[in-house]
Amino acid sequence: MTLIERTRGVLTRAIDVYRGTGHDATLAAVRKRLDEPLRVALAGRVKCGKSTLLNALVGERLAPTDAGECTRIVTWYRDGHTYQVVAVPRQGESRQLRFTRDNDAIEVDLGGLTPDDIDQMVVTWPSQALRTATLIDTPGIGSLSERVSRRAWTLVAADDEETPADAVLYLMRHLHAGDLEFLRAFHDSEVSRPNPVNAIGVLSRADEIGVGRTDAMASARRIATRLASDGNVRRVVQTVVPVAGLLAETAVTLTETEVAHLRRVAEVDVRDADDLLLTTDRFLERMPELGLTSIERAALLQRFGLFGVRLASSLLRRGVTATATELARDLAERSGIGQLQEVLRTLFFERRDVLKSRSGLLAVDAVVRAHPRPGSERIAAEVEEIIASAHPFNELRVLSSLRAGWISGKPDVVDDLEHLIGGAGAAPYVRLRLAADADVGELTGSAKDALARWQRRAENPLTAHEMVLAARVAVRSCEGMLAQLGRAAG
Amino acid sequence: MTTPAAGQRSRVAQAIEVVDLCLRASAAYGRPDLGTRLAAARRTLADPAVHIVVAGEFKQGKSSLVNALLGVHVCPVDDDLATALPTYLRHGAQPKAYLLRDGDPPSREPIALDEVRGHVVENGHGRSNGDRPVVGAEIELPRKILAGGLVLVDTPGVGGLGSVHAAASLAAISMADAVIFVTDASQELTLSELDFVRQAQDLCRTVVCAITKTDFYPAWRKIRELNQGHFRSAGIDVPLLAVSSTLRARAAQANDAQLNTESGFPDVVRFVTQRVGTGAADRMAAQAAAEVIAVCDQIIAQFEAERAALTDPVVAQRVIDELNAARRRVEELRSAAAKWSQTLNDGVTDLTADIDHDLRARIREVLQEADDAIEDIDPSDTWPQMESWLQSRVSYELLANYRLLRTRADQLSEEVAEHFNEASGQVFRQLAVYNPAARVSDARVEHKIELAKMKAGKQAMVALKSAYGGALMFMMLGSMAGIALGPVGVGIGLVMGHKGLKDEKKRQVQQRRTQAKNAVRRYCDEVSFVMGKDSRDTLRRVQRQLRDHYSALAEEFSRSNTEALTAATEAAKRTQSERDLRLRDLDAELGRLRQVRQLAMSVSGSTEPASATPASGLSEVGS
Chain Z
1 MTLIERTRGV LTRAIDVYRG TGHDATLAAV RKRLDEPLRV ALAGRVKCGK STLLNALVGE
61 RLAPTDAGEC TRIVTWYRDG HTYQVVAVPR QGESRQLRFT RDNDAIEVDL GGLTPDDIDQ
121 MVVTWPSQAL RTATLIDTPG IGSLSERVSR RAWTLVAADD EETPADAVLY LMRHLHAGDL
181 EFLRAFHDSE VSRPNPVNAI GVLSRADEIG VGRTDAMASA RRIATRLASD GNVRRVVQTV
241 VPVAGLLAET AVTLTETEVA HLRRVAEVDV RDADDLLLTT DRFLERMPEL GLTSIERAAL
301 LQRFGLFGVR LASSLLRRGV TATATELARD LAERSGIGQL QEVLRTLFFE RRDVLKSRSG
361 LLAVDAVVRA HPRPGSERIA AEVEEIIASA HPFNELRVLS SLRAGWISGK PDVVDDLEHL
421 IGGAGAAPYV RLRLAADADV GELTGSAKDA LARWQRRAEN PLTAHEMVLA ARVAVRSCEG
481 MLAQLGRAAG
Chain W
1 MTTPAAGQRS RVAQAIEVVD LCLRASAAYG RPDLGTRLAA ARRTLADPAV HIVVAGEFKQ
61 GKSSLVNALL GVHVCPVDDD LATALPTYLR HGAQPKAYLL RDGDPPSREP IALDEVRGHV
121 VENGHGRSNG DRPVVGAEIE LPRKILAGGL VLVDTPGVGG LGSVHAAASL AAISMADAVI
181 FVTDASQELT LSELDFVRQA QDLCRTVVCA ITKTDFYPAW RKIRELNQGH FRSAGIDVPL
241 LAVSSTLRAR AAQANDAQLN TESGFPDVVR FVTQRVGTGA ADRMAAQAAA EVIAVCDQII
301 AQFEAERAAL TDPVVAQRVI DELNAARRRV EELRSAAAKW SQTLNDGVTD LTADIDHDLR
361 ARIREVLQEA DDAIEDIDPS DTWPQMESWL QSRVSYELLA NYRLLRTRAD QLSEEVAEHF
421 NEASGQVFRQ LAVYNPAARV SDARVEHKIE LAKMKAGKQA MVALKSAYGG ALMFMMLGSM
481 AGIALGPVGV GIGLVMGHKG LKDEKKRQVQ QRRTQAKNAV RRYCDEVSFV MGKDSRDTLR
541 RVQRQLRDHY SALAEEFSRS NTEALTAATE AAKRTQSERD LRLRDLDAEL GRLRQVRQLA
601 MSVSGSTEPA SATPASGLSE VGS
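Each protein sequence line maps, in turn, to chains Z and W. Position one of the first sequence corresponds to residue 1 (my numbering), numbered consecutively onward. Position one of the second sequence corresponds to residue 1 (my numbering), numbered consecutively onward.
If you're looking for bench data, these hints aren't it; they were derived computationally from the structure. Note that the Cβ used here is the ideal one computed from N, Cα and C, for glycine as well. Wrong hints could be hidden among the right ones.
As the list claims (entries may be wrong) - Here are the simulated lysine to any residue pairs, SDA-like style, with alpha carbons at most 20 Å apart:
(1) K506(W) x S401(Z)
(2) K222(W) x R303(Z)
(3) K506(W) x E377(Z)
Unchecked claim - Partial selection, computed: residues in chain Z whose CB lies under 7 Å from chain W:
(4) V46
(5) K47
(6) G68
(7) G210
(8) T214
(9) S219
(10) T279
(11) L316
Okay, chain W solo, but in the shape it has when bound (with noise of 0.2 Å):
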């Protein structure tokens, strides 16, 4: 029943087929280069991981739905202790747990399956070997609905919008391609539950919202009709599924196909595989497409400025005039005078200063506010208030200016792309110049530079979201936690006399207060100082990949120029019977690379619905 549909798996596998092809072909062409760049393309089809957060309140049956989804009881539920930390279950030949402790890079160390349970629920001696802390567990399992590459996050309850773990789900989210928004049908959603919602929707574009406990309350559907009353009125457009996760658990054990469409859980489940898992695989497919046209477009190029010099000698200088000049060209772009290259160091310096001044000034707005709320109240009677007050407040700002910068970097990076391709755009211009074909119809290079455009764009958003991931994460804000107010002095409100009671007790409070106001600023410090260093090295990691990205790309395309410049003198000293013969030869491999070209083409361009809404910031790219 959890069978990928058969068209979205002959999508991936055409794709990892063009690939092979063409990387075939590279090899073939002495290009090994450009081989790497077809051999990542092809390792990620291969293993694709799609992640799933599944996120919600406190006890709404998170784990519940996980384990029911599954078919398999693996994630802990209890009546009362809560899922404390974030659990990724895998596809694996055999069962396998590991524990994933904090560090740089975080380790990973087997455990026994059922050691899981004490560690992920709060409460639990995750830290009781006095080793770095535990930050979460992953579990291998051999479902078939995890096979296509589908990791599920299972995460601790938010406890309310506005605390430390709704910041933490939330900026997992934003690195999640789909989320299961869980609440129970006991009731109708909540201000803080809404807020969520809106908030997960704005990071990822997938949210489905899945009622549970279906079996229990009988009002389940009014629940149902009334939180789509809410997401309506609130202007969120979001599925909402009714399942119940009993059922399912009860349908598996008894093998009952009746009972498992009683529980609602098809629907879940197609959601799963289909919209998110075949989304997912289109877009892969169409990247690793893209990345085949890319390759061939060069090799195309280089093949046709050969083919334009053998057929005319007259011609052959000058295309070699050509080439000479689009040598310079490509040494440009190669060189750190490069337009793009200044665009990237401006970019980042300058975004780092953004960045900056952004954390500075939330952090000061949130002193200001903790100053004047202190200034209300008697800090002993609601310091732990006021801590986790602080605590939620600061990771929510932390949030947006890591939002801010996830932006910025993407406009950055969409810059440097079209800087990039205007320069590399003419070289191809150039190297395509004297293709007759083309010279009929400039539209097609032109359709030709647009994709080499798009796929310049979409692979640098790719690698920077492995530059966003070793940043801020769970970890990072969940172990803000642990960055300790410390105590506030209580002075004891016991004092039982008569006389000057009231201003004994009044330079008390101011006392408490000043300890007060000077422990939050303590801890914003601290977390300025966590915070603007993680942003710093997240931004160095941007631009590190942006320029070996584009860097590579450089050096291809002068690889190519190089090719097609020795081709072309070559070509000018053959006899007219070699040029004859070559000229076939490359008539026959043109052919070849058209079609793997149109092979590839077709694996993308049956997605163009898909593309149509890329990641973020693609469409300006690409049209």
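Next up, chain Z with everything else stripped away, as it sits in the complex (with noise of 0.2 Å):
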């Protein structure tokens, strides 16, 4: 029986125990979720950008993005037939919003109400993207009004409650080692417990580090290392990626028009093009010879940022790139959106019935635990028994008591450690460290190696006590894998 299985089988069960109490409708809300898209929230500070990133990630532009504080709701992204917004006000029905959407994002009418009215908005939209995994776009922390910030929080919540959110990825955009806020946040009551086991890290706005040179993104991948491998950093997500937002978002959106305008100012000369691309407001008011409105800068401005448009022009004036495609390749490769999704994809959705299992055990738990009744008791035991022997969840657990630095060793004993329980993926030879293409026969080698060396370092009897308990872990791991290369191979 998988694990999503046995939760359900527990939902089920808890349901019928909790059938009359109001609870049954909440329990069976989780219980729908195992079937849904995994819930990926985007949190971070205030202006860090999150809609830019989710922009992104959709490959369409739908959430509304703008220079000042934008984004002061909760807002639900999610696959569907049709195209609706739906308001979920704090008190009364849930209403349907009238909405329009020309090129640009969408514009919801609140029809009355005001954003402190509201307590989420869900937006239904057709999307291969949105199919994999439904996206939280959520108002900054540190925001001038308290309440947007706080509301983002209680989305964002702790691990011993139901959370709205499977995983989150939270934005940041320099985190200094001492950048107290970051860390702070995580004080807050509501959220007292960290856990890297659902949550990655994403340094946006990644083109501004260095204030637009040309050489920002080298920059900022070394930032991410360091940031990835620094102690506290790593206690509170699995890793740190760089992004590029506003590029990526450009890339996936980019029009003909656009490309047409940027060849306008590739065609300058080398030296007038810096000249002219030297402040963001000498690109808007000089040269009246590039037959560029104003208008039309300041458009592109908006959507390529001066790092952009220096990118871009100058990718095209160099002939890199000729074509509109082109360019939108190369822009999204450079804005760090394909790492970003690769590590989603091995990270998060390939772990989506594990992360989707443990909102849903968590969330019975909470219930059983707040509000005991007759056959409640057995519940609890099911639940504790179900996370205490699954194997996915040791693998966390070892994962996260990895991280928190319980368990320690030589470094190059926890790092095969983490590997091998899919602290960088999943997939076979991820976990055995070997090449994508590597074949059956190299793989079951490798992992029978992986297996007697934990063997012997879970019965060696001067490993320490933690390090036993994450070996026994490993050599499930390695077991497992086994059986998934032996019924591969037969």
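Bring the two chains, given one by one in their own frames, into a single complex with the hints.
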């Protein structure tokens, strides 16, 4: 029986136990979630580029973005057959809202409601990207409107309760090693338990590092690597990926007109172009012979940023890219969105059953603990049984213990362990640290070696107690892999 | 482009001239005791240090702004690493750099200019040689803009309000003459930034907000508007300057005046040289002038008494009687039983107790909060966050406690000044009462006393500033982060058993909570101890400075009184012709002194609008 089936079973029995108490509806909703796409929330400080990144991930400009603070309502973007926007007010019934969308973001008519009245908004939009994951856009933390801030935190809530989101992308602009704000946010009583299992850090607005120098992305990658190895950061996120959100968003929604405009800039002599692109004001006002109106120029800046205009026009000038398609691909690649999607796939989507089961079991546990009634004791025991025995959970537990520094050892041993238990991705070649095209024989051999290695470590009387427990989990992981590889070979 | 306005320069020059005149006069009249006071004023005028602190969040371009302002690449700028230590930039004939090390007194160790980078950016090897920790760097540069005594302080990013660094920055700001708050055009002000500006404005009267990176963000005008709105709705009146350090650097390279204008920096330069520089110079000139006026008044009073005794032998005896009475008063003023002295001693005792009590109450509150928080969490999960929360929370309480200390010490200084002036004013009145001119207009006497009052108060303020100076600074709060909480034993949450898992877990969590609470308590004890000692030391310094200041004043009065008494007694013995001769001399000297006084009045008088909003608490003393 798979983990998700066991979870569903517990939920079904819990619904029976709680029938007629009002909690059964909650639990039914939780059960329904098991069949829905994974829910990924985008969280972070105000103005760190959450909506822009969301658009880039969806591949369409859905969420409105602006220079000032923009997102004030928690908004869900989910796949569906029809286009619709529903508001869930704090009081009263949900209602459908009117909305318009030209070639820009969705503009919703709140229909007499103020952002403060609305608990959340659900945008249903037929989209391939949203089929894999429902994305949740949140208002920023540290907003001048405190209420807006608080809302974001309730959403990305704790380990012990039902969490609306299964996984979280934490966006940060430049996290300084001592930036307390970020870590302090976790100190919020509502969010007392950071968990690296379901969180990825994104170094957002990466193109702005170095204020638009063309090597900004290289700088950003270096910073992300440093952050990802920082102990404090490792406690709260699995890894850190740099992304130039604006560039990514524009790349996936690039139009021919925009490319034509950029070509005009690219045709200008290099030195004149440098002068023109020295400041945004100059780009807007100088060189009337460019043949672009100030509105068109402002539009380019808004879509690409100064860094993007510099980069794209230089790519076109040097003939690196010739067509709109090529330019879009090149910009997307440079923006780092591809790497983020890859990380999302290996760390979230491939593990979605585990993450969803985890959310589901936590929800049952919360109800059972808060409202005991005849039969709930048995449900609690069942939940504990699954949490304690299911191998994927054991892997996650070892992983977070590793991240928290509770398990320690030589760096190469720790690294080996982290990979084996799926810390970098669940595919056997990732776990065994082999190339992606390694054949079954090679994989099997390596898995057998790892099995023997970790068995020895588990049985060695000199191994620390914590490491023994972790080694047993690693052994199970190896056995699981061997079984899987055996099936594939047979 | 950075020369201070001509008028300002001459104001200080005028003040120096007047002080010199008065210095010569006091030497000529055989009053070197008055001379020491003037010499001190002269030194301040010659080397005025005006501190401008550049503060803001991480990575907002503070170092770039300082570099662009000075037109030299001197503060390290990096995409990743941020400035970790304050850098003081002051004028010097040759470019030179020093490392400042913690200690009492802090030491200054010369280093090469290009070594600064390795020390002030984070992860620098500042502590490599096992010496006392490096607490900052000082760089001397031959830049015109700094020539007026300006000191620019590039600070580490505050990292969110409520952090230890923010508290340290605010402590530094409380000592500064002006603050440039830096925020970039990538986004509008955040809650913590706004709070920081609000607090900075409480601590320092001149604050300006610089919006940087306007070359890169097309929406900078909108951001400026939004920020203006935020300031307005928060009731904060701070001018906003939009600048581009990149453009300014480029302008300096190409020597392009138009580009320089485009960079927005001329406004910053104007702010620095005129609003801050001139303001500070004016204050200093006015202070020196007030010093001169006070000295002149003493000598004039002394001469007036002698003159009165000389003009009329009948009056002479009365003058001598009055002067004898005055002498008793002056003696009283000098004695430990004087009201001002008692006020000072009692005040400091009370203050020490109050500050200590306040600190305890604050720490108790933090402890309570920490205990409550620990009850809700498992310390093994959130200990690092708990640690940073505690440090920032504590440093904020310390800052509040320190602010209380300063406010109360200022009040005490005013009280002491008032009592001293009440007593000394009577002395003045008695010295001056037989001045025929004064009799015509009592108002002038009043005015004289008022000036003396104002001066005394003002000088005490300055004295106190240096008393605080040694106390709680960057270093103190900065090294707070060094007081370790110690680890909390983390029982591993990795037990795989089925039964009893929850109970065992609960027990472990409970144990960790107890450990955590004890660690917090130890930390708070340590902090209270350090801070308590620091406050007591500061107050002792305040007490000593005030006592020395007013004792010296009393000493001067006593001397003036003695001189007048001697002169008056001798006058009675003189022949008519001697008297006439002496009278002519006296009139001439009095004329000269009045001239000097008039000059000093014009130096300080022209700053009347400025002195309408004087340093904290002065308004009450002056009026």
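Here's how the hints hold up against the structure:
Among the hinted pairs, K506(W) with S401(Z) is consistent with the structure: their alpha-carbon atoms are about 18 Å apart, no more than 20 Å. Under the criterion of a C-alpha separation no larger than 20 Å, the hint pairing K222(W) with R303(Z) is consistent with the structure, at around 17 Å. Proposed proximity of K506(W) and E377(Z) is supported: the alpha carbons are some 18 Å apart, at most 20 Å. The restraint placing V46(Z) at the interface with chain W holds, with a minimum CB-CB distance near 6 Å, inside the 7 Å limit.
The closest approach between the C-beta of K47(Z) and any C-beta of chain W is roughly 4 Å, which is under the 7 Å cut-off, so the hint is satisfied. For G68(Z), the interface hint holds, the least distance from its beta-carbon to any beta-carbon of chain W being 5 Å, beneath 7 Å. Given hint, G210(Z) at the interface with chain W, holds; its Cβ is 5 Å from that chain's nearest Cβ, closer than 7 Å. With its C-beta approaching chain W no nearer than about 13 Å, T214(Z) sits outside the 7 Å limit, and its interface hint is violated.
Given hint, S219(Z) at the interface with chain W, holds; its Cβ is 4 Å from that chain's nearest Cβ, closer than 7 Å. About 4 Å separates the beta-carbon of T279(Z) from the nearest beta-carbon of chain W, less than 7 Å, and the hint is met. Annotation: L316(Z) was flagged as interfacial toward chain W, and the flag is violated, the nearest CB pair being 20 Å apart, outside 7 Å.
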